[in-house]
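In the order they appear, the protein sequences are chains G and D.
Reminder that position 163 of the first sequence reads as 163 in the working numbering, one-by-one numbering, no gaps.
Reminder that position 217 of the second sequence reads as 217 in the working numbering, one-by-one numbering, no gaps.
What the hints contain is simulated information worked out from the structure, not anything from laboratory work.
Some hints here could point you the wrong way.
Some chain D residues judged to face chain G by a derived CB distance under 7 Å, without partners named [stated by the list, open to error]:
| hint | residue |
| --- | --- |
| 1 | 8 |
| 2 | 11 |
| 3 | 12 |
| 4 | 97 |
| 5 | 205 |
| 6 | 217 |
| 7 | 218 |
| 8 | 219 |
A virtual CB, placed ideally from N, CA and C, is assigned to each residue, including glycine.
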Amino acid sequence: MDRERKLALLGEAARHDASCSSSGSSRRGASLGGVCHSWTSDGRCVSLLKVLLSNRCSYDCAYCLNRASSDVERADFSPAELAELTLAFHRRNYIEGLFLSSAVVGSPDATMERIVATLKLLRTVHRFSGYIHAKVIPGAPPELVRLVTRYADRVSVNIELPSAESLRRLAPQKSAEAILGPMATLATALAEGAEARKKSPRAPLTAVGQSTQLIVGASPETDRTILTLTQALYRRFGLSRVYYSAYMPVGSSPYLPAPDRPPPLRREHRLYQADWLLRLYGFDVDELLGADDPLLDDDLDPKARWALRHPERFPLEVNGADEKELLRVPGLGRTTARRIVEARRTRRLEADDLPRLGLALKRARHFLTCNGRFLGEAHLGPEGLRRHLADGPDIASRQLRLFP
Amino acid sequence: MRTVRYDDTFEGLLCALDEALGSGSDAVAPSKGKAAFLFEEDVATDPERARLFRERLVAASSGEVLRRLWLASLSGTPFSEGLFVAYCRRAFTVGADLLDDHGHPAVRAVHILARAVSVEAHRLAGFLRFSRHGALWYAPCEPDHGVLPLLGRHFAGRFPDDDRIIHDLRREAAALCRGGHFRLTALPRSEAPAGDDDPTPPLLWQTYFSAATNEARRNERLQRNRMPRRYWKHLVEHPSGESGVGFSGEGP
Numbered sequence: 001m002d003r004e005r006k007l008a009l010l011g012e013a014a015r016h017d018a019s020c021s022s023s024g025s026s027r028r029g030a031s032l033g034g035v036c037h038s039w040t041s042d043g044r045c046v047s048l049l050k051v052l053l054s055n056r057c058s059y060d061c062a063y064c065l066n067r068a069s070s071d072v073e074r075a076d077f078s079p080a081e082l083a084e085l086t087l088a089f090h091r092r093n094y095i096e097g098l099f100l101s102s103a104v105v106g107s108p109d110a111t112m113e114r115i116v117a118t119l120k121l122l123r124t125v126h127r128f129s130g131y132i133h134a135k136v137i138p139g140a141p142p143e144l145v146r147l148v149t150r151y152a153d154r155v156s157v158n159i160e161l162p163s164a165e166s167l168r169r170l171a172p173q174k175s176a177e178a179i180l181g182p183m184a185t186l187a188t189a190l191a192e193g194a195e196a197r198k199k200s201p202r203a204p205l206t207a208v209g210q211s212t213q214l215i216v217g218a219s220p221e222t223d224r225t226i227l228t229l230t231q232a233l234y235r236r237f238g239l240s241r242v243y244y245s246a247y248m249p250v251g252s253s254p255y256l257p258a259p260d261r262p263p264p265l266r267r268e269h270r271l272y273q274a275d276w277l278l279r280l281y282g283f284d285v286d287e288l289l290g291a292d293d294p295l296l297d298d299d300l301d302p303k304a305r306w307a308l309r310h311p312e313r314f315p316l317e318v319n320g321a322d323e324k325e326l327l328r329v330p331g332l333g334r335t336t337a338r339r340i341v342e343a344r345r346t347r348r349l350e351a352d353d354l355p356r357l358g359l360a361l362k363r364a365r366h367f368l369t370c371n372g373r374f375l376g377e378a379h380l381g382p383e384g385l386r387r388h389l390a391d392g393p394d395i396a397s398r399q400l401r402l403f404p
Numbered sequence: 001m002r003t004v005r006y007d008d009t010f011e012g013l014l015c016a017l018d019e020a021l022g023s024g025s026d027a028v029a030p031s032k033g034k035a036a037f038l039f040e041e042d043v044a045t046d047p048e049r050a051r052l053f054r055e056r057l058v059a060a061s062s063g064e065v066l067r068r069l070w071l072a073s074l075s076g077t078p079f080s081e082g083l084f085v086a087y088c089r090r091a092f093t094v095g096a097d098l099l100d101d102h103g104h105p106a107v108r109a110v111h112i113l114a115r116a117v118s119v120e121a122h123r124l125a126g127f128l129r130f131s132r133h134g135a136l137w138y139a140p141c142e143p144d145h146g147v148l149p150l151l152g153r154h155f156a157g158r159f160p161d162d163d164r165i166i167h168d169l170r171r172e173a174a175a176l177c178r179g180g181h182f183r184l185t186a187l188p189r190s191e192a193p194a195g196d197d198d199p200t201p202p203l204l205w206q207t208y209f210s211a212a213t214n215e216a217r218r219n220e221r222l223q224r225n226r227m228p229r230r231y232w233k234h235l236v237e238h239p240s241g242e243s244g245v246g247f248s249g250e251g252p
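Kindly generate the complete structure, drawing on both the sequences and the hints.
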């Protein structure tokens, strides 16, 4: 098979992996951080050559296009071939680096060995200084898992299905232990690497973060179950990101949604929004979703949803509220909250100052006072406010257009 | 009021700002040709004077203030010098708090310009496409702002072992990167080389780009928002999904 055909097959097979981050490398020349090199017409950033080393899978996970029983064309790259391709793209500035994953070919050990061999070739023989994200195969032995952290900038083990029960049903060859084991090994290895670098700037470079991916909509877990898992991953394993991927129907199984059901893109979007609230806005999953109320709203972002349920917390005074409180105002982000606090140091803010701070008050004004004067509309009432904050028809129609 | 004219370099601008602030004038302009009016006066570019002004500004405010002023000056936006005068005057009044003084119109305007310049440089750090010509790597671009110094620094640092040329076709200037450093030079449009000594990688990249596109999730508005069409012209891939060559890059 020629290189072009291989690249088409193994690139397409890897595109469902949602991670795109290329920030946070400790290597030379990565100073700008998070550079995106292109965007595909699905609106996703291309910063890495995202490919599988092979799609010849021995496992038979029901949700996966490359499962053993699937009738797809199979291909493999040799480590040398893939290293050469990565270099050619990197020197032309098509990419920041490589995102390498693989189907389980034979066994987790053998697959992990091939991935490590490719990374080692790039780093030691070609002295490649670009970014590398490597997948750790569930069930891979700890020595190999540790070795990956020597060559990669970021690593990830994909959980894919958010509960042990769903894994048993849909991915019988994988187990929760086979996934969480390598994750724990990675957490330890990354912490040791960071500690060593703190002690000596000349300590060997190691990966700086691990992430994972969850498939949304292939199995019956609620948003609350998914986000509770997410929160535990951030807190227990120190993950830097959890990615969500709306399930694209690829096969039929009594446990999978009907093949003609569109991917739940809106739900994926809401989960990302909630994820930001957990990671960066000081929210706890129990504040966002209760046990008796485990799903995010379709037409309302999670922060607006929370704010509408807590009228007693608002309105906040722009000249008084602290940054933590401001972060909880719908329509205010981290940048705008910080700007308000900074600008307040030099002068007391008047209502006229707010637009000049780059604040879009469209949403936020319903939750703010400025020098005691309420910035929203007093007569709106809870229902009117909800309508105001709900996502208008333009997002909805954009989604509908996807499925003509 | 008198207009202070300078030679269109950053050092020249610093001298003109020094002159304007000292004389209470707030009219500064780049000199294009001879001084035409009675109230125009050229200020000589004096590296020593520029250095002193730079040091005074940093001492009174911060290095970041100087950096923002420099970035904003790269934008080359006509008539922005008045803003720079007001910006510096404010810097000498409020000091390091200037960076947080988002309510002041000139401060805000200068910060917006600085941000536009650094955003474009950051974008182009991703969008530049190099082709190989012997031992030389060449990338053309047509940026809105004069971002060559920022791109030169980025690529000189990233590929210290290579000889690289980044060519600003609009300004007919180039950054030459070698040994981890770069310098700027004039380079006419007509000097732009074509093709690539190894035509296979560009073709493979096009193949990969199409494979990476997920048709079920088409969202062109988001794509254009992140990668405005004016930057498509010098890409190797075809972002619209059309596989035709010579896409003009001008959107409807």
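Which hints from the list above does the structure break, by number from lowest to highest?
1, 2 and 3
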